[in-house]
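There are 2 protein chains.
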Amino acid sequence: MTTGHGEVPTPAFMPVASQGTVKALIPEELKEIGVTIILGNTYHLYLRPGINVIEKLGGLHRFMAWDGPILTDSGGYQVFSLARLCRLTDDGVTFRSHIDGSEHHLTPELVIDLQQKLGADIIMTLDECPAVDAGMVKIREAVDRTSRWAERCRRHYLGSDQLLFGIVQGGTLSQLRQQSAKAITSLDFHGYAIGGLSLGEAKDLTWSMVDETIPFLPSDKPRYLMGVGSPEDIVEGVDKGIDLFDSALPTRVARNGALFTMKGRVNIRKAVYKTKKVPVDAGCDCYTCRTFSAAYLHHLFKCEELLAYRLATIHNLRFISRLIHHMHTTIRQDNFAEFKNEFLSQYQVTDEQVRLAQKRKWLSTPIYGDNISKKVR
Amino acid sequence: MTTGHGEVPTPAFMPVASQGTVKALIPEELKEIGVTIILGNTYHLYLRPGINVIEKLGGLHRFMAWDGPILTDSGGYQVFSLARLCRLTDDGVTFRSHIDGSEHHLTPELVIDLQQKLGADIIMTLDECPAVDAGMVKIREAVDRTSRWAERCRRHYLGSDQLLFGIVQGGTLSQLRQQSAKAITSLDFHGYAIGGLSLGEAKDLTWSMVDETIPFLPSDKPRYLMGVGSPEDIVEGVDKGIDLFDSALPTRVARNGALFTMKGRVNIRKAVYKTKKVPVDAGCDCYTCRTFSAAYLHHLFKCEELLAYRLATIHNLRFISRLIHHMHTTIRQDNFAEFKNEFLSQYQVTDEQVRLAQKRKWLSTPIYGDNISKKVR
Numbered sequence: 001m002t003t004g005h006g007e008v009p010t011p012a013f014m015p016v017a018s019q020g021t022v023k024a025l026i027p028e029e030l031k032e033i034g035v036t037i038i039l040g041n042t043y044h045l046y047l048r049p050g051i052n053v054i055e056k057l058g059g060l061h062r063f064m065a066w067d068g069p070i071l072t073d074s075g076g077y078q079v080f081s082l083a084r085l086c087r088l089t090d091d092g093v094t095f096r097s098h099i100d101g102s103e104h105h106l107t108p109e110l111v112i113d114l115q116q117k118l119g120a121d122i123i124m125t126l127d128e129c130p131a132v133d134a135g136m137v138k139i140r141e142a143v144d145r146t147s148r149w150a151e152r153c154r155r156h157y158l159g160s161d162q163l164l165f166g167i168v169q170g171g172t173l174s175q176l177r178q179q180s181a182k183a184i185t186s187l188d189f190h191g192y193a194i195g196g197l198s199l200g201e202a203k204d205l206t207w208s209m210v211d212e213t214i215p216f217l218p219s220d221k222p223r224y225l226m227g228v229g230s231p232e233d234i235v236e237g238v239d240k241g242i243d244l245f246d247s248a249l250p251t252r253v254a255r256n257g258a259l260f261t262m263k264g265r266v267n268i269r270k271a272v273y274k275t276k277k278v279p280v281d282a283g284c285d286c287y288t289c290r291t292f293s294a295a296y297l298h299h300l301f302k303c304e305e306l307l308a309y310r311l312a313t314i315h316n317l318r319f320i321s322r323l324i325h326h327m328h329t330t331i332r333q334d335n336f337a338e339f340k341n342e343f344l345s346q347y348q349v350t351d352e353q354v355r356l357a358q359k360r361k362w363l364s365t366p367i368y369g370d371n372i373s374k375k376v377r
Numbered sequence: 001m002t003t004g005h006g007e008v009p010t011p012a013f014m015p016v017a018s019q020g021t022v023k024a025l026i027p028e029e030l031k032e033i034g035v036t037i038i039l040g041n042t043y044h045l046y047l048r049p050g051i052n053v054i055e056k057l058g059g060l061h062r063f064m065a066w067d068g069p070i071l072t073d074s075g076g077y078q079v080f081s082l083a084r085l086c087r088l089t090d091d092g093v094t095f096r097s098h099i100d101g102s103e104h105h106l107t108p109e110l111v112i113d114l115q116q117k118l119g120a121d122i123i124m125t126l127d128e129c130p131a132v133d134a135g136m137v138k139i140r141e142a143v144d145r146t147s148r149w150a151e152r153c154r155r156h157y158l159g160s161d162q163l164l165f166g167i168v169q170g171g172t173l174s175q176l177r178q179q180s181a182k183a184i185t186s187l188d189f190h191g192y193a194i195g196g197l198s199l200g201e202a203k204d205l206t207w208s209m210v211d212e213t214i215p216f217l218p219s220d221k222p223r224y225l226m227g228v229g230s231p232e233d234i235v236e237g238v239d240k241g242i243d244l245f246d247s248a249l250p251t252r253v254a255r256n257g258a259l260f261t262m263k264g265r266v267n268i269r270k271a272v273y274k275t276k277k278v279p280v281d282a283g284c285d286c287y288t289c290r291t292f293s294a295a296y297l298h299h300l301f302k303c304e305e306l307l308a309y310r311l312a313t314i315h316n317l318r319f320i321s322r323l324i325h326h327m328h329t330t331i332r333q334d335n336f337a338e339f340k341n342e343f344l345s346q347y348q349v350t351d352e353q354v355r356l357a358q359k360r361k362w363l364s365t366p367i368y369g370d371n372i373s374k375k376v377r
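As given, the protein sequences belong to chains F and X, one line each in that order.
Each step along the first sequence adds one to the number in this note's numbering, with nothing skipped, and position 24 is 24.
Each step along the second sequence adds one to the number in this note's numbering, with nothing skipped, and position 347 is 347.
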């Protein structure tokens, strides 16, 4: 995928830099980890420090000193999941800030302007993202409005070297997924996102909706599965033909002491690590594993030292980066299927019930269940 | 000053790595900042993860991946300031952990053993550190007991390539300071620390006590002023002949958004920084100032992003490191006096009343008024 700030080999995973920073890391660390593109949240940056502030400071790349590709979301998802009392009309959405309660109004045209001011390399259309358990009627409304808004974004889009992606909605209803995919792809965007999933629904439902949607997405344009995710889901998504992923999960669970290994997530707080001389993940080449014992990481988490969150984040992002790299290689060598089977046979997936409980807890808390930020706040 | 892990040009400032980490930073950053020696807290490491754990893992240097010199304190100061109900006898001190209330007993001999297990390059004798407002009788007792404990530490000390420093007490009473200095120096340690100061007393009282003590300290051994400090105090101390300083102040105030500049501390949270394109300190060569605008730092603090505390810590430690470097140069060039006058004429010192209020608040809170850690905890 070619962007204004360089090539992005696909499949690719985008770490989340909600507020202009991948929590606890500097750009040089992201580069060393092998991160090729990051995601910024228009909603968060709009509220703090303000889009005009970032524009005056030279744009988002300069603001956060990241010279690689950036994708910004439209803010739609955050408005529906995060903001207080949002009033929806065909014109746009009016909401109150989750920070100070101030009232704001976003339209499809405005979110395009905001993302152009940020200078992101890939920008997203404004979509209506209903709750996963919303009824048929509500979801059909959302699909129709998302199409009308996509059209207005497309019309308002100035071209430039920013890529514009459309978003498919449709909840967990096959027919509406197909309808939305047809409507959005008819508008000829640079890429297509599958939105409104990974919102607490069962895994098999997520994947069946992806299966329903993908056939309608052109194979010569990037396909972006929003809000995914975990190592096993990224592998599954790539198998289904997804090119782009984003999720706060790898960095969020890292800050909670859950570290990825080829055998699955481990909880570094467990007593077994108190005296473990070896790194958390023997096979890992990240700075954390190269430099420190599991016992040191365990100690930092027990003491709630700021360094704990940084070192764990580096490890989890490097794990995802290596996973992505393996997929590039095996796809080129035409043995991705073997890789997938081997990976999934080793990787102990988090129990479905536990996963859903965590996910819902996370979705129900303002700043995405980020316990550290919450405690720090 | 020559240690088991290399030379330390004096004067030197030791950042505090209480729990085996200079909060938020990695060893490579400390090196880049120009840190030449750090301080570890025996009390904290004794409680978590435990001295034997660190010994099994190869010692404190290996545990935290810092290959430069380390000085460990005896734990005395923390026991008196931090632990719950400490019972003092001539044998030693019994206290309850501030973390879990568990009971522990430290003796002068044990404190030496603990620091030898940690493998620190410079270790300290166990001293009794009374409150600054303790009465004459209490302070005399402390001076006498500190002398007896110093003698036991000296006797128990095995030599090796660890340096052993003695500590002078005496509160704010000239006569007792002199008495303590004579007693401690008679025991022939590798260096001498001035303890029991910078505990909330008025500045002029601190300095008059330093003046009373220094004449009794041999000029051919390092002189260490414990718990100091601020840029202006370090300069003042060097002028009086101090070689070694330690304090959590530069890193602690950094995490609270107070950044050092040649004109004094600035509060990065202030609205004036919201759109400031230039770095916090134009003259600074630290990673933070080289890479980010003051506006970005302001934003990170407003959002309480983890990166804020890391970037501010890097800046303040680099400020101190450059200050130390300037003093090395001007001492060699024999124009330190001019440097001191020039520095103090520019540097706006924090108001004495504000300083004392902050200091007392800080001393009265368990983990040294570290709001971040407190919130994170």
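Check each hint, because a few of them may be wrong.
Put simply, identical chains are the same to the list, so a pair is met inside one copy or across any two.
[Stated by the list, open to error] DSSO-like cross-link-like pairs, simulated, lysine-lysine; straight-line CA separation at most 27 Å:
#, residue 1, residue 2
1, K56, K270
2, K182, K302
3, K117, K138
4, K276, K340
5, K56, K182
6, K221, K277
7, K240, K302
8, K240, K203
9, K182, K359
To be clear, the hints were calculated from the coordinates, so they are not data collected in a lab.
Reference check for the pair K276 and K340, CA-CA at most 27 Å: within, between, both, or neither?
neither (30 Å within a copy, 49 Å between copies)
Next item on the list: Give the relationship of K182 and K359 under a CA distance limit of 27 Å: within one copy only, between copies only, both, or neither.
Entry: neither (30 Å within a copy, 66 Å between copies)
TODO: If the cutoff is 27 Å on CA atoms, where do K182 and K302 land: within, between, both or neither? Let me know, please.
DONE: neither (51 Å within a copy, 43 Å between copies)
- Query: Should K56 paired with K182 be assigned to within, between, both, or neither, using CA atoms and 27 Å as the limit?
  - Reply: neither (39 Å within a copy, 63 Å between copies)
_With identical chains, the pair K56 and K270 could be close in the same copy or across copies; at 27 Å between alpha carbons, which is it: within, between, both, or neither?_
Between copies only: 19 Å across chains, 47 Å inside a chain, cut-off 27 Å.
Practice prompt. Give the relationship of K221 and K277 under a CA distance limit of 27 Å: within one copy only, between copies only, both, or neither.
Written response: neither (47 Å within a copy, 38 Å between copies)
- Message: At most 27 Å between alpha carbons: which applies to K240 and K203, within, between, both or neither?
- Response: Cα proximity of K240 and K203: one copy only (14 Å, versus 69 Å across).
If the cut is 27 Å between Cα atoms, do K117 and K138 qualify within a copy, between copies, both or neither?
neither (32 Å within a copy, 67 Å between copies)
Exercise for review: Measure nothing new, just compare the shortest in-copy and cross-copy C-alpha distances for K240 and K302 to 27 Å and report within, between, both or neither.
Suggested key: neither (40 Å within a copy, 41 Å between copies)
Taken one by one, the earlier hints fail for this structure at numbers 2, 3, 4, 5, 6, 7, 9, listed in ascending order.
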